[in-house]
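Just so you know, the protein sequences line up as chains A and B, in that order.
For the first sequence, the numbering used here gives the first residue as 1, with consecutive numbering after it.
For the second sequence, the numbering used here gives the first residue as 1001, with consecutive numbering after it.
No wet-lab data here; the hints were simulated from the structure.
One or more hints might be untrue.
[Stated by the list, open to error] Derived list of chain A stretches under chain B, where covered just means 3 residues or more per stretch with a C-beta under 8 Å from a C-beta of chain B: (1) 29-36; (2) 58-64; (3) 85-94.
[Claimed, not checked] Here are the computed distance ranges between Cβ atoms for each label pair: (4) A:Glu-67 x B:Phe-1103: 37 to 45 Å; (5) A:Thr-15 x B:Arg-1123: 39 to 47 Å; (6) A:Gln-45 x B:His-1152: 52 to 60 Å; (7) A:Pro-40 x B:Glu-1135: 18 to 26 Å; (8) A:Asp-84 x B:Leu-1124: 46 to 54 Å; (9) A:Ala-49 x B:Asp-1177: 35 to 43 Å; (10) B:His-1152 x A:Gly-18: 54 to 62 Å; (11) B:Arg-1159 x A:Gln-45: 52 to 60 Å; (12) A:Thr-89 x B:Asp-1106: 32 to 40 Å; (13) B:Trp-1128 x A:Val-113: 30 to 38 Å; (14) A:Glu-67 x B:Arg-1176: 35 to 43 Å.
[To be verified] Straight-line distance between alpha carbons at most 16 Å, and here's what the computed EDC-like set of lysine to aspartate or glutamate pairs gives: (15) B:Lys-1183 x B:Asp-1147; (16) B:Lys-1182 x B:Asp-1086; (17) A:Lys-109 x B:Asp-1086; (18) B:Lys-1182 x A:Glu-110; (19) B:Lys-1182 x B:Asp-1172; (20) B:Lys-1183 x B:Asp-1172; (21) A:Lys-109 x B:Asp-1190.
All figures in this text were calculated on a predicted structure; none of them were measured in a lab.
Glycine included, every Cβ here is placed at the ideal spot set by N, Cα and C.
Listed below, chain by chain, are the residues.
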Amino acid sequence: MRRLGPDDDPDRLYTVTGGRSRADESRFDLVTLVVSECDPTPGMQSEHARILAMCQYPMAVVEISAELRLPVSIVKILLCDLLDGGRITARHPRSAPAAAQLPDPDLLKEVLVALHRL
Amino acid sequence: MHSTVSEQTAGRDHLRSTADNGLKIVIVGGFGVGKTTMVRSVSEIRPLNTEETMTRAGIGVDDPSGVESKSTTTVAFDFGRISINDQAVLYLFGAPGQERFWFLWDRLFSGTLGAVVLVDTRRLDDSWYAIDRLEHHRMPFIVARNDFGGSHHTLEQVREALDLSPDVPLIDCDARDRDSSKKVLIALVDHLYALSARETTP
């Protein structure tokens, strides 16, 4: 699959992000679930509009990245814009353990039940 | 039907509106070892892929001198999804074990529940590095040998060749097979549960 990256289409990435190169990383995890709080409006940047359209149901940052065919870091910049404008909400992983810390046994039990059911 | 987070609609299946807790498990292995195959065999969605790129200056190397020292790191990865319950949804990532990937581990995979190192016994070198890195990141993991058929090595021999601690589960699997891949994930979560229970028991 052809994909955009800084090497092959710098113009588009520059345009998409307005030239910014970094988002506040801590605001979004790869699996933070994003939900739209409004519909796209006319004149809105097309990537913003697409995100709002696809996040009517919760969607992980990484899924948005795959759908838009944009690197995760670029998607995070776009999401920061939308979050600042109150157009999306972000549901962060609740259980994300700190480094070198094991996950909660109750959560693991739930995961096991679901895997056995597969 | 079981109550899961995903619902099928025309076209793409989406998560339930109650979904609010994303979880991660990473499958690491060398090129062609079967990571994508394993993700596909258990995922409830067609596996997707994306990438992360970053310039070296963005990783904490604060270099004000300018552009000439910047280098771009790109890592591509596949992922699939398994709904756990009304709130939790597990994302399964297939990721390459090469050096530049570990450069991005903290950024992409902090908070990961655990990892599976998928091993092809014909190319153990790839796995050594992955195991070393996971230990370095103190990320719990298991090792699964993807059986391409015709393996003449016992698991004990594989354990020895990988210099794997006796505490780390090592199992055989066939990544093409849903039940087999499911067993690998269950083995990982069983291992995590045992570690977690041990830690919380005084």
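Now for the hints, and whether the structure bears them out:
no., hint, verdict
1, 29-36, "holds (count 6)"
2, 58-64, "holds (count 5)"
3, 85-94, "holds (count 3)"
4, A:Glu-67 x B:Phe-1103: 37 to 45 Å, "violated, 25 Å"
5, A:Thr-15 x B:Arg-1123: 39 to 47 Å, "holds, 42 Å"
6, A:Gln-45 x B:His-1152: 52 to 60 Å, "holds, 58 Å"
7, A:Pro-40 x B:Glu-1135: 18 to 26 Å, "violated, 46 Å"
8, A:Asp-84 x B:Leu-1124: 46 to 54 Å, "holds, 48 Å"
9, A:Ala-49 x B:Asp-1177: 35 to 43 Å, "holds, 42 Å"
10, B:His-1152 x A:Gly-18: 54 to 62 Å, "holds, 58 Å"
11, B:Arg-1159 x A:Gln-45: 52 to 60 Å, "holds, 53 Å"
12, A:Thr-89 x B:Asp-1106: 32 to 40 Å, "violated, 26 Å"
13, B:Trp-1128 x A:Val-113: 30 to 38 Å, "holds, 34 Å"
14, A:Glu-67 x B:Arg-1176: 35 to 43 Å, "violated, 27 Å"
15, B:Lys-1183 x B:Asp-1147, "holds, 14 Å"
16, B:Lys-1182 x B:Asp-1086, "violated, 20 Å"
17, A:Lys-109 x B:Asp-1086, "holds, 15 Å"
18, B:Lys-1182 x A:Glu-110, "holds, 15 Å"
19, B:Lys-1182 x B:Asp-1172, "holds, 12 Å"
20, B:Lys-1183 x B:Asp-1172, "holds, 10 Å"
21, A:Lys-109 x B:Asp-1190, "holds, 9 Å"
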